[in-house]
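Student: Residues per chain, in single letters:
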Amino acid sequence: MDELPPELLVKILSRLNDSESLARCRVASKTLNSLSREVRAVNLICTLSRFLKSRSIVVVTPFKTIFRSLIENSCNIRSISIGVDKALIGMSFDDLNEEDSKDLYLTDVEFAKEWLPRVREDLEMLSISDFWIQSCWRKSDILALISSNCSKLVKLEVKNSWLSVVGLREMSNLRHLTLEFIRLDDENLEKVNDCFPFLQVLNLIGVGGLKEPRIHFLHLKSCHWTVSNAPLSLAIVAPNLLELKLKCNKPKSLILETPKLVKFHFSVEDAEGVGFGEFRDLNSLELISPDMYRLISNIRYGNKIRKLAVDSVKSIEQSERLELGLGTLLKAFPGISSLSLSPRTWSDIETHFQSQGLGNMKGTASLKQITARVQMSDHTNVHQTVSFIRSILNKYRGLTDMRLMIHQDKDPRVRSNLISACIMSNPGVSWKWGMWAEGGEDMWV
Amino acid sequence: MSSSKKSSDGKSSEIEEAVASLTMPFNKILLTSSDGESFEIDEAVARKFQIIAHMIEDDCAGKAIPIDNVTGDILSKIIEYAKKHVVEPDEDEDEEAKKKLDSWDAKFVEKLDLETIFKIILAANYLNFEGLLGFASQTVADYIKDKTPEEVREIFNIENDFTPEEEEAIRKENAWTFNG
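In order, the protein sequences belong to chains A and B. Just so it is clear: in the first sequence, position 325 is 325 by our numbering, and no numbers are missing. To get our numbering, take the position in the second sequence, counting from 1, and add 1000.
Among the clues, some could well be false.
Computed cross-link-like contacts, BS3-like style, restricted to lysine-lysine with a CA-CA straight-line distance of at most 27 Å [as the list claims (entries may be wrong)]:
no.	chain 1	residue 1	chain 2	residue 2
1	B	1100	A	245
2	A	331	A	260
3	A	64	B	1145
4	B	1098	A	155
5	A	211	A	245
6	A	53	B	1147
7	B	1145	A	53
8	A	102	B	1147
9	A	221	B	1099
10	A	245	B	1098
11	B	1099	A	368
12	A	307	B	1098
13	A	432	B	1084
14	A	263	B	1098
15	A	221	A	252
16	A	191	A	245
17	B	1172	A	432
18	A	263	B	1147
19	B	1145	A	86
20	A	368	A	331
21	A	304	B	1098
22	B	1147	A	30
23	A	86	B	1147
24	B	1099	A	432
25	A	113	A	191
26	B	1098	A	64
27	A	221	A	191
28	A	432	B	1098
A short, non-exhaustive set of chain B residues, derived as facing chain A with CB atoms under 10 Å [stated by the list, open to error]:
no.	residue
29	1034
30	1035
31	1053
32	1055
33	1059
34	1122
35	1133
36	1136
37	1141
38	1151
39	1159
40	1161
Calculated from the structure, these hints are not laboratory results. Everything numeric in this text was worked out from a predicted model, so none of it was measured. The beta carbon of each residue, even a glycine, is placed where N, CA and C say it ideally should be.
Model the full structure from these sequences, guided by the hints.
Tutor: Dropping the structure here:
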């Protein structure tokens, strides 16, 4: 067998992404032992099994001890990932001892002081997934420690912790920041805005402690923000933002100044407080909201949208159901070439069609593709749905690509009747059929 | 590369090459493996191999290029992969295409034994074909991920060169991987 040269062996070892596997390779031979030192990453997860063993009478090396020795045995570390297995997050702990314990409290500043200064020179990526049961009681100053030590850091990720911004200094090399399930004492995100001026990617998922948060970054390109209803107002001012995924509830005030946005995924319960600036380049839009009618009629999204996905989530009011038809959607978004519909939205527009038809307006020529999860109530008969689909295809002549998913519990005979009737009455169309289920993955046939 | 003609009839292979460049359709490149197998591929595919892309840029790629370090069986697999990956689908734009390609990649590598994958890694490194080098390296990494040190030795065909004392010491140092 050909022997691989050292640099290729290091490439392979670097892709292990798991210091435990790497350590086993070290025991294999002297060569692998010395090459493993050239892997410039430490990745350690406390697995469920290791956790359970540590809580039993079995003797295991403490997690933090393992981590410290891994750091000591490597050099020029570029990337560190330390965390607690996701399986531990779902567990419930009645044992009060767990809360008092610190053995898995990973954002503990005292613990960080033992290894962070050693890696400060080269560290570019740091990810810490803490153990909530132990971290939620203790406010950590680890951000200050990281900012004063790791000037080269490009990517920082902290999960499941209570963090303080006191003492946080500017980190001019940071480009990616992810805070997930964090309690933060930076009410309006002022410190975050000030200390990471060159940030390009920001993910704030379930960050609590916010009052009137404002995301204001000149160089931000991509943002994912999931925010609770606690804040009084929300604002995103990002002149170069290209991609935004925003999930909120009933914001009293939501301001968006993101003129260059290209892709927008927006989920909101009630859009009354929403105020958007101009969208000059918005191309792809996904709206998830029971307040759909207000969202599409009151807000201007620009005229460059080609891809639209709509999910009206809940049953809309009887009065509004009469308003939300396919024609309404296409009138609000005349240039779209691809449309994607949730089951709820499909059934809303089908109901609208039953009572009002498709309207007199000329059909837009740009619509080429519809993807939909078809919702058929028990009393909808196949014939109605087929005639609905046929009317759409007749009116929108550019529509040649239909991708429909039928609920997996639907009677197979009903399914095959629908499929064959559609194909037969619309032969010029390219059909793709599949199945969908709540909470499950779509399956194409 | 084109200058090192190993065959004694150096003149006739030069002529062959000249004929090849005249009769080859535009934008096609001919690769010849170390054991004489020839593969005609589109320039776009050949460009996936950085060393060839550089040659094309520097205008010193004849239409026929010998690949001295790679045998025909390996070169054909590499070309198969390169053809599939000429255009990499954008994950956002075309999720479906990406999924299909990932599934093809998985099937492609499933059929190969480790020895072949090692040869592919060496060849992809020589040709400077980053995409395949990364993919094949990841495949090997995934394979050794949960293996014991003994199994790792077997996979890489390496000797245990520790003395018994050294081995005990290193096992002790890494005992935590065995008790987790």
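Student: Please list, smallest to largest, the hint numbers that this structure does not respect.
Tutor: 8, 17, 18, 26, 29, 30, 31, 32 and 33
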